[in-house]
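Undergrad: Below are the chains, spelled out letter by letter.
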Amino acid sequence: MTTYRLQGGRVIDPAHPDLPEHRDLGLRDGHIVELHPQEAIDHVIDATGCIIMAGGIDLHTHIGGGKVNLSRLLLPEDHRRGLDALALPDNLLELASCGTCTPGTLATGYRYVQMGYTSAFEPAMVAANARQAHLEMGDIPILDHGAYVMAGNDELFLQLLAEGADFERIRDYLGWTIHATKALGVKVVNPGGISAFKFNQRKLDVDEAHTHWQVTPRQIVHTLARALTELGLAHPLHIHASNLGVAGNIESTLETIDALGGLRAHLTHVQFHAYGKEGPMKFSSAALQLAEAVNANPNISIDVGQILFGQTVTASGDSMRQFANSGLAHPRKWIGADIECDAGCGVVPFRYREQSYVNALQWAIGLELFLLVDDPWRIVLTTDHPNGGPFTSYPHLIRLLMDKSFRDEQLSRLHPDVAANAALKSMTRELSLHEIAIMTRAAPARLLGLTDRGHLGVGAAADVAIYREDANAEVMFTEPTHVFKDGVLVAERGTIVAVPTGGVHYAEPAFDRGIERHLAARLRATSSIDLRHRVIGHDELCGCCNGGRLLPAECHAAFGATAA
Amino acid sequence: MTALSAPVSTAPAPWTCPFCALHCDSLALQPRRNGWQLQGSDCPRALAALAHCPPQASVARPLVRGEAVSLDDALHTAATWLLASRAPLIGGWATDVAGARSAYRLADRLGAVSDHAHGPALTAALRAQQDRGGYTTTLAEVRTRADLIVCVGTQPTAHYPEFFRRCGAGEPLASGPRRIVFLGATADTTLPADTVQTLPLTGDLFDTLAQLEALVAGRPLAKAPDPLRALATQLREARYAVLVWEGATLPAHGELIIEALNRLVGLLNQHTRAATLGLGGSDGGYTAQQVHTWLSGLPLRTRIGPQGPDHDPLRHDTRRLLDQGEADALVWITSFGPGLPVPDTTVPRIVLGHPACPVPAGDVVFIPVATPGLGSAGHAFRFDGNVVLPLQRVVEQGLPSVGTVIDQLLSALGARA
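Sequences listed follow chains A and B, in order. Numbered according to our numbering, the first sequence spans residues 337 to 900. Numbered according to our numbering, the second sequence spans residues 27 to 443.
No lab work stands behind these hints, which were simulated from the structure alone. Hints are not guaranteed to be accurate.
To give a feel for the contact side, a few chain A residues facing chain B, derived at Cβ under 8 Å [to be verified]:
1. L409
2. D426
3. L428
4. A443
Derived CB-CB ranges, DEER-like [claimed, not checked]:
5. E422/B with M337/A: 34 to 42 Å
6. S748/A with A274/B: 53 to 61 Å
7. K539/A with P246/B: 28 to 36 Å
8. T259/B with F535/A: 15 to 23 Å
Not the full set, but computed from the structure, chain A residues with beta-carbon under 8 Å of chain B [what the hints assert, rightly or not]:
9. R364
10. P439
11. G785
12. D788
13. C878
Each residue gets a CB set at the ideal place from its N, CA and C atoms; glycine is no exception.
Using the sequences provided together with the hints, build the complete structure.
TA: This is the structure we're talking about:
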C-alpha cells in the first residue's frame, strides 16, 4: 500500500494535547504510523500553510432508509434547477447523482468527502426497515457508516413495559433488536408518541400516559437508557425528546434529562427542543436554560441540529409532531406513515426564512447553544441533515461559530425583533480550530466509541483531511486540499480521485439468546415479517453494504455475571 | 459471555416468494422430480410462476438473432449494438436490488432512459406522491388495528391472492370487529360474509370519491345515495380506516384517484386515524423505483442525458418512446417469469430474460438469467414500501444473475470515452 508523509502542516488533534502541533504524519496500510526518518516514502505531501485534522464524523445525519428515499420521491424539484437538469459530474469516477437537501446516495458520499468527512451515521433506522437502511448506506461511496435503531415506540416494548415485565427481558429484547438490525446505537423518538399517534393521541408530555398502554415517556426513556447501559453500548441512548418544535418545550427537555436519573444519554437536535414561550410572540429562546442543564449534567451530550436559511425537507420518525407541522409544508405536500407496529415517519418540506420571527429565533438558538455549552467534548456539530439544513452548509456554520463579526452581520439581516433582542448578539465567544476539531471529529468518535477514529495518534485509522488555512473559515472548510480514507487518497482539491467502498459500524451486545424463543409468539403477533427473517446475518450485511468492511464494536456488558 | 453472544437463529431459513410484491416469507419450498412442493400457501399466482421454473439446471443458452452463442459472444454483440446507439432505453427492470444497482450503472454508462415494465401503474402512484404526498400504512398495522378496510375499485385477491390472509382478515381485532368494504368491486367470497359489504359506484370512480369526500367533510349533498352516506359515517367513526387501491386497476389518470384517496385520508386524520395502502410494485417494480431513486436522487422514467439527469414521468414512457421512434436500442430486463414479453419493436433488443421468456425474431440478443428467489439470492421490496425481504437461492439453475450479466456487459462496453 502507498506510504505518505504529510509534512509542514499544523496538526489539530485535540485527542492528543501532548503531541506537538507541528509534526509530520505518516500514513501506511490504512493507519497513522511512525515513519522511520530513512524509510522510503511513496509520496510526500507538503502541507505548509495547511491544517491537518482527522476525517470528519457526522453522528446524526439522515442518509439512508425509508424516509430519506421518500423525501427524494416527494421532491423531484430538489433534483433539478427550475426546468433544467442539474449538470452531470465532470469526473469519470462519479456516477450521475443529484440533489441538494436530499441528494442521491452517490452524491451524498461525494459531497461529504469533498468537505473532508469520512464517516456518517443514520440516526433513525426503523427495525422493520433495517435492510433498506443498510442497502442505501451501502450505496454511499467512500464513507464509513452505521445506524441507530429506533426503539420505544414498538408495540412489543410498550406492551412489556405496560405489563411490568422483568427489566432483564426488556433489556434482552433491546439487545436482540440491535443484533437483528445490525445497529450501532439505539434512538428513541418522541418516546411513546409515535405509537400514541396510531391510537389517535395528538400530544404526549413526559409525564403523560400513552392513551392505550398507559406508560409515560419518563418510564420509556429511563428503561431504555438503563438497558443500553447494562448492554454496554458505547453510544448511550440517543434521544429525540418529546414535543419537538413546540413553544415551551424546554420543560419537556429538562424533564427528559431528569428522567434519566444520571444515566448517560445523548440528546439530539436540541435546537428544536430549546424553546420557551416568553415574549409577545409566545416563542422565545431557552438556550441558556438548556446549556446550563447540559453544563451541570456530565452524563448528557448533545448535538445541535442548527437551522440554516433556505429550502430543505424535514424527515423524521416523529409522525405525531410531523403531522402537527404538516400545515407549514413548503411546498405544500407531505408524506406520513405508520410502520409495522414498530415506528412511523413524517416527511415535511420546509423553507426557513430570514424574515420569519420563529425561523430567525431558531437560527439564533442553535448558535447560542454552541456558544453556551462549556465542554466541547459533549456537543457535536450537526444540522440534523436535512432537517435544519443540508450537510453541505457545514462550512458556513463553522464560520458562524468562529467569526463574531460575520455572525453579527448575518444576525442583522434577520427578523428585526430577533436581530435587536437575541441573546446571541452579546455573545462574544469565537470557537477555535481546536474546538471545531472536537465538535466535528474527536467528540463524535468518542461518543460513538470509535477508538481508532477522530484522532491522529499512531495506530489510528488514516482518515485525514488537510485544509489550507484561510481567514474565512467557510472557504477553508469547503474544499480540503487532500482527503484520505483509510490511507487512500480519495479527494484532492475538491475532486474525487478514488471511490473505495466504506465500512459499516455496528454493535455486538451480549444478551440472553433465549429471548427470541421466549418472545416468539409476541414477535410474530406484532410483525408481518417472518421471525426467521428478522435477523440480518453478517454475510447478508456484507452484501447490503456492497462488500464493505464489517466493523463490529464489542460491548462491555454490565450484567455478565448474573445473566450467564 | 460466549453463550450470550452466540447466534440466536438456527432454524432453517424459510422461503420468500418472489412472484408478487406481497413477498410472503413464511413459506417452505422443496424441489421435487416433476416440480415443486410449496408449503404454507396454495397461492395460484405463486404456483403458476413456479410452473415456469423447473427445479433443475436450465438448458437455456444465450442467443444472437436466434443462434446459440457463448455468453461472451452475446455480451460482445450487445456491447457493439449499445455503443452504436444514441438513444438507448433500459426497460423491464424486473429484477432484485443487486440487479437494479447494476442496471443504474448501465443507465449511467449509456446515458439511457430507465422505465419499469409496470411503468404506467408505478407512475400513477409516483405522480400522486410528487404532487401532494400521502399517508400510508403497512401490513402489520393493518393486521393489528384496521377496523375498517375499504377496497376502492379493486378486489385485491384477484391479483394478490394472499392479501386478506396477510391483513389478518378473520383474525380477532383487540379493539372490536373489523369491516371490509368493496367500493366499485366485487367482494372476495372467501371472507366471512358478515364482515363484508359491497357498494356500487355512484357514476364513475372519480365521481364516487368526490361525493364520498364531500360527505366525510360534512358538506350537504342531497343527492348522495344512502349507502355512500353510510360509508362516510363508517369512515368517520372508524378508529383506523385503511383505503386500499391498486395501481394496475385504476382508470386513465389514476393518479387523480390516488390523490382523492389521499385527500380523504387527510380529512379523516384531522379527527380520527386513517391511511392508504397501495397494491403494486410486483416484478421488482418497487425495488427498481427505490434503488433508482436512492442512487440517482430521481425516480424511474429518468434519462441520464447529456445535460444531466432528466426526470419526466410522461415523456420517458417505454411504449411512447418506442412508438415515437425516440429509442434506438432496448435493454429489456425480465427475470421473474415469462409474463413480461419484450415490447413490440424493431430496434435492436438486448434481453436479460427468464429462461422461459419468448424470444422475438430480429435483432435480438437473449441472455437467460437466474430467477431471483429461486436461482439466486437477493433482496426485494414489499408492496407497502417499508419492508425489504431477503430472497433465497433454492436451486442451481446454472444461470448468472441480472447483476452479474450487467457487470460483465459494463466490462465489455469499456470505460466512457
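Undergrad: Look at each hint and say if it fits the structure.
TA: Going through the hints against the structure:
With 8 Å as the threshold, the beta carbon of L409/A comes within range of chain B, its nearest partner Cβ sitting at about 6 Å, so the hint holds. The closest approach between the C-beta of D426/A and any C-beta of chain B is roughly 11 Å, which is over the 8 Å cut-off, so the hint fails. Of the supplied interface hints, the one on L428/A holds, with its beta-carbon coming within about 6 Å of a beta-carbon of chain B, less than 8 Å. Proximity of A443/A to chain B holds as hinted, the smallest CB-CB distance being about 6 Å (cut-off 8 Å).
In this structure, E422/B and M337/A meet the distance hint of 34 to 42 Å, their C-beta atoms being roughly 38 Å apart. With their beta carbons about 57 Å apart, S748/A and A274/B fall inside the hinted range of 53 to 61 Å. At roughly 33 Å, the beta-carbon separation of K539/A and P246/B lies within the given 28 to 36 Å, and the hint holds. Checked against the hint of 15 to 23 Å, the pair T259/B and F535/A passes, with Cβ atoms roughly 21 Å apart.
For the restraint placing R364/A at the interface with chain B, the shortest Cβ-Cβ distance is roughly 30 Å, beyond the 8 Å limit, so the hint is violated. For P439/A, the interface hint holds, the least distance from its beta-carbon to any beta-carbon of chain B being 6 Å, beneath 8 Å. The criterion of a C-beta within 8 Å of any C-beta in chain B is not met by G785/A, whose closest approach is roughly 17 Å, and the hint is violated. At a threshold of 8 Å, the smallest CB-CB gap from D788/A to chain B is about 22 Å, leaving the interface hint violated.
With a cut of 8 Å, the hint placing C878/A at the interface with chain B is violated, because the nearest CB-to-CB distance is about 12 Å.
Going through the hint list in order, the structure does not satisfy hints 2, 9, 11, 12 and 13.
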